[in-house]
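Chemist: Single-letter residue listing:
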Amino acid sequence: MQQKQQRGFTILEVLITVIIVATASATLLGQIRGLMDLNKRMRKHQNIATELLNQAAELSQQEIEYQIINQTAESIILQPPQKDYTVKLNNFSTTAKTVSISQAYTPYQQYQLKQQNYKLTFIQPGISNHE
Amino acid sequence: MNKPQAGFTLLEMVVVIALSAIIIIYLAQLQRMTGRTSVALKTIDNDWNAQQFIRKQLWHSQQIPLNTEPPFIGDEIKFEFITRYSAKQGNYGPYVLASYQYDEQQQQLKYQEKQVANYWLEKSITIQYQTQELTAIKQVDNLQIKYQDKEQNWTTQWNKKEAPKLVQITYTKGGQNQQFIIETQVLSFSMHSGYSQASPSASL
Chain A
32 MQQKQQRGFT
42 ILEVLITVII
52 VATASATLLG
62 QIRGLMDLNK
72 RMRKHQNIAT
82 ELLNQAAELS
92 QQEIEYQIIN
102 QTAESIILQP
112 PQKDYTVKLN
122 NFSTTAKTVS
132 ISQAYTPYQQ
142 YQLKQQNYKL
152 TFIQPGISNH
162 E
Chain B
31 MNKPQAGFTL
41 LEMVVVIALS
51 AIIIIYLAQL
61 QRMTGRTSVA
71 LKTIDNDWNA
81 QQFIRKQLWH
91 SQQIPLNTEP
101 PFIGDEIKFE
111 FITRYSAKQG
121 NYGPYVLASY
131 QYDEQQQQLK
141 YQEKQVANYW
151 LEKSITIQYQ
161 TQELTAIKQV
171 DNLQIKYQDK
181 EQNWTTQWNK
191 KEAPKLVQIT
201 YTKGGQNQQF
211 IIETQVLSFS
221 MHSGYSQASP
231 SASL
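Note that the protein sequences, when read in sequence, are chains A and B.
Add 31 to the 1-based position in the first sequence for this note's numbering, that's all there is to it.
Add 30 to the 1-based position in the second sequence for this note's numbering, that's all there is to it.
Certain hints may be false.
[Said to hold, decoys possible] No farther apart than 20 Å at their CA atoms in a straight line, the calculated lysine-lysine pairs in the PhoX-like style are these:
1) A:K71 with B:K168
2) B:K108 with A:K114
3) A:K75 with B:K108
4) B:K176 with B:K191
5) B:K108 with B:K168
[Claimed, not checked] If the Cβ cut is set under 7 Å, some of the chain B residues that face chain A in the computed set are:
6) E42
7) M43
8) V44
9) V46
10) I53
11) I54
12) I55
13) Y56
14) L57
15) M63
16) T64
17) T67
18) W78
19) A80
20) I211
[Unchecked claim] Some chain A residues near chain B, calculated using beta-carbon distances under 7 Å:
21) L43
22) V45
23) V49
24) L60
25) L144
26) I158
It is worth saying that the hints were derived from the structure and are not from the lab.
Predicted, not measured: the structure shown is a model, and the values here were computed from it.
Using N, Cα and C, we set each Cβ at its ideal position, and we do this for glycine too.
Make a model of the complete structure from these sequences and hints.
Modeler: Shown next as structure tokens:
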């Protein structure tokens, strides 16, 4: 009686399978890496946004005595005590034309916090008339 | 007559084992990264939303005009206050007593709200309903809450007639320190629709 001959995979077949699996997993890995980068970028964005919101909360305390760092005709750069960030102060106007801070004082002023490419602008009662 | 069976050569076996090992390492890395990414992506939005929700609630925290009970009670790991920003009813809903508590064992910041009766402004707080305990932020370590008074001093206990000026929440998550400083009562000037107060013009 003739025995049926058993035939294994050839090395070429095994290599092709291995290469296909490797390529697929490498593609997936690349995509997962992309998602992780996105996650890192989102975290960074949220951390900076949180820091700016924290700074804005601290600035809401009107009793803070600011130190004037720089004063121009348009705006004033202030630094809160014992802090390493600065805040830019502009006059606020509901009209399209804004009056520069050296020409007038508005009861509400525009505060601007900046960190890297992120900017937080909010309106609060003016801190002084800067005479 | 039996035909001799041919096996793999040593070289073939070495090549296949080496390639398989590389693939196994790849797949293990893939699985680890997928797990980490999915957890990170799931929690990042939850955390951010929870943080902004706490901010909004504290912005809407309410000063009591007539009631003698303190509107804001807090210590190192928990605080509760009256606010108009509700998880169940949203903004401009009825007043709720919002409670945040850090569960050290489960490493979670828990939240629960209780609706108070409309007349709480003048009388003692009566609970109308209370929600289930919700998890605000998960996987939190070393959570600590501090309160700033008018003189800008930080304290870990609060039980006064007025709300603190600032609330600071600090915790560690995934090895990263997180800190939130939130001002209170920024948007607490308006009355909700359920509270009727005769205006001077109406009484004339």
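Chemist: Now look at each hint and say whether the structure bears it out.
Modeler: Hints and how they fare:
| no. | hint | result |
| --- | --- | --- |
| 1 | A:K71 with B:K168 | holds (19 Å) |
| 2 | B:K108 with A:K114 | violated (28 Å) |
| 3 | A:K75 with B:K108 | violated (28 Å) |
| 4 | B:K176 with B:K191 | holds (17 Å) |
| 5 | B:K108 with B:K168 | holds (15 Å) |
| 6 | E42 | holds (5 Å) |
| 7 | M43 | violated (10 Å) |
| 8 | V44 | violated (11 Å) |
| 9 | V46 | holds (6 Å) |
| 10 | I53 | holds (6 Å) |
| 11 | I54 | violated (10 Å) |
| 12 | I55 | violated (10 Å) |
| 13 | Y56 | holds (5 Å) |
| 14 | L57 | holds (6 Å) |
| 15 | M63 | holds (5 Å) |
| 16 | T64 | holds (6 Å) |
| 17 | T67 | holds (5 Å) |
| 18 | W78 | holds (5 Å) |
| 19 | A80 | violated (12 Å) |
| 20 | I211 | holds (4 Å) |
| 21 | L43 | violated (11 Å) |
| 22 | V45 | holds (6 Å) |
| 23 | V49 | holds (4 Å) |
| 24 | L60 | holds (5 Å) |
| 25 | L144 | violated (13 Å) |
| 26 | I158 | violated (16 Å) |
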